[in-house]
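So the protein lines, in turn, are chains A and B. Here our numbering is used: the first residue of the first sequence is 4, the next is one more, and so on. Here our numbering is used: the first residue of the second sequence is 117, the next is one more, and so on.
Quick caveat, the hints were computed from the structure, so don't treat them as lab data. For each residue, glycine too, the CB sits at the ideal point set by N, CA and C. Accuracy of the hints is not assured; some may be wrong.
Stated by the list, open to error - Now the stretches of chain A that chain B is said to cover, found in silico as 3 or more residues with beta-carbon under 8 Å:
#, region
1, 36-46
2, 60-68
3, 96-109
Take a look at the letters that make up each chain.
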Amino acid sequence: IKDLKYADSHEWVKVDGNSATIGITDHAQDHLGDVVYVELPEVGVTVKQDASFGAVESVKATSDVNSPVSGKVVEVNEELSSSPALVNSSPYEDGWIIKVEMDNAGELKKLMDADQYTKFCEEEDSKH
Amino acid sequence: MKVPRSLQIWRLGIVNYSDALKLQEKLVSDRKIHKISDTLLSLQHPPTYTLGKRRTDHNLLISEAELKKLGAELHYTQRGGDITFHGPHQAILYPIISLRDIGLGARNYVEKLESTMIEIASLYGVKACPGQKGETGIWVGDRKIGAIGVRIQYGITSHGLAFNIDPDLNYFKHIVPCGIADKDVTSLRRETGNGIYEAVEKPAPHVTYSKEHQCHQVFHLF
Numbered sequence: 004i005k006d007l008k009y010a011d012s013h014e015w016v017k018v019d020g021n022s023a024t025i026g027i028t029d030h031a032q033d034h035l036g037d038v039v040y041v042e043l044p045e046v047g048v049t050v051k052q053d054a055s056f057g058a059v060e061s062v063k064a065t066s067d068v069n070s071p072v073s074g075k076v077v078e079v080n081e082e083l084s085s086s087p088a089l090v091n092s093s094p095y096e097d098g099w100i101i102k103v104e105m106d107n108a109g110e111l112k113k114l115m116d117a118d119q120y121t122k123f124c125e126e127e128d129s130k131h
Numbered sequence: 117m118k119v120p121r122s123l124q125i126w127r128l129g130i131v132n133y134s135d136a137l138k139l140q141e142k143l144v145s146d147r148k149i150h151k152i153s154d155t156l157l158s159l160q161h162p163p164t165y166t167l168g169k170r171r172t173d174h175n176l177l178i179s180e181a182e183l184k185k186l187g188a189e190l191h192y193t194q195r196g197g198d199i200t201f202h203g204p205h206q207a208i209l210y211p212i213i214s215l216r217d218i219g220l221g222a223r224n225y226v227e228k229l230e231s232t233m234i235e236i237a238s239l240y241g242v243k244a245c246p247g248q249k250g251e252t253g254i255w256v257g258d259r260k261i262g263a264i265g266v267r268i269q270y271g272i273t274s275h276g277l278a279f280n281i282d283p284d285l286n287y288f289k290h291i292v293p294c295g296i297a298d299k300d301v302t303s304l305r306r307e308t309g310n311g312i313y314e315a316v317e318k319p320a321p322h323v324t325y326s327k328e329h330q331c332h333q334v335f336h337l338f
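One chain only, chain A, in its complex shape (with noise of 0.2 Å):
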């Protein structure tokens, strides 16, 4: 999806001024299978970019999300409490996992566009 930003694990950012909403990408949630719990932080807690913020469970494995900035989580997706599922259904709409403040946008110059996403997933893909 084009104007969103995208961390090479695979989460995306939408920033609106200076705030960031963050979820993981379809790629991602293809690669992860059906999604039966998510682990999200507490609101005002501090991120920081490509560190660990909450996870999620799918075919018995847990994996670390990533956020893509640093700043502060000022809304978490609780829908997904009930719904994990959403992140497969919807990832880049209501599968949305947190809202955070940034502290630095100058930080998303190390992410990658729409463009540069596909073709990382695609390098990705062919390497086995």
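Could you slot chain B onto chain A? The hints should help.
Frame of chain A, contents of chain B only:
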């Protein structure tokens, strides 16, 4: 382009759960900074019950005090999956591998763990298959013979699989194994009625695992 990968295999014998956990954490950190190659731990645990990240302790049917009287320990972990039991004569493999380096996702990785166990079972004439949707693991009919619980951090795996060669199945009576009521737990011993499995515990899991993951070189330590 396929880059040759190497896999170090550590055969550890019986290791306490906490010690194995600390070792895995160190190996994951080292693997993350490329200090080590992919590593596979092959071991057994003394009687130990473990829970996953979801902390489903409603599936533990006895108190922790009663559990200790049985000579077992209880551990809460960050792996996926529900409650399970580990004990002597259950073969455990903990692969510490970088999924990112090989572009593999959680689902494919877990499927490979399942096929590894299916192949081990078939070496001994036991026909096992993966579970139905949502029941990750290995089954012989509706009896579970192998369990999986994995953690992935920085794209690197820890924890792994547990395959029942000949553990004391009575320990499973005190839990709802993997949160699945009304299904039995079984072992190679129960399915074949055979005797000694020393040979199975050591070479077979490694060979099968290495084949599954197409590793070019294998090093044995210890």
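Hints, verified against the model:
1. Counting residues of the region 36-46 of chain A whose CB lies closer than 8 Å to any CB of chain B gives 5, so the stated coverage by that chain holds, three being the minimum.
2. Counting residues of the region 60-68 of chain A whose CB lies closer than 8 Å to any CB of chain B gives 8, so the stated coverage by that chain holds, three being the minimum.
3. Coverage of the region 96-109 of chain A by chain B is violated [criterion: at least 3 residues with CB-CB distance below 8 Å; count 0].
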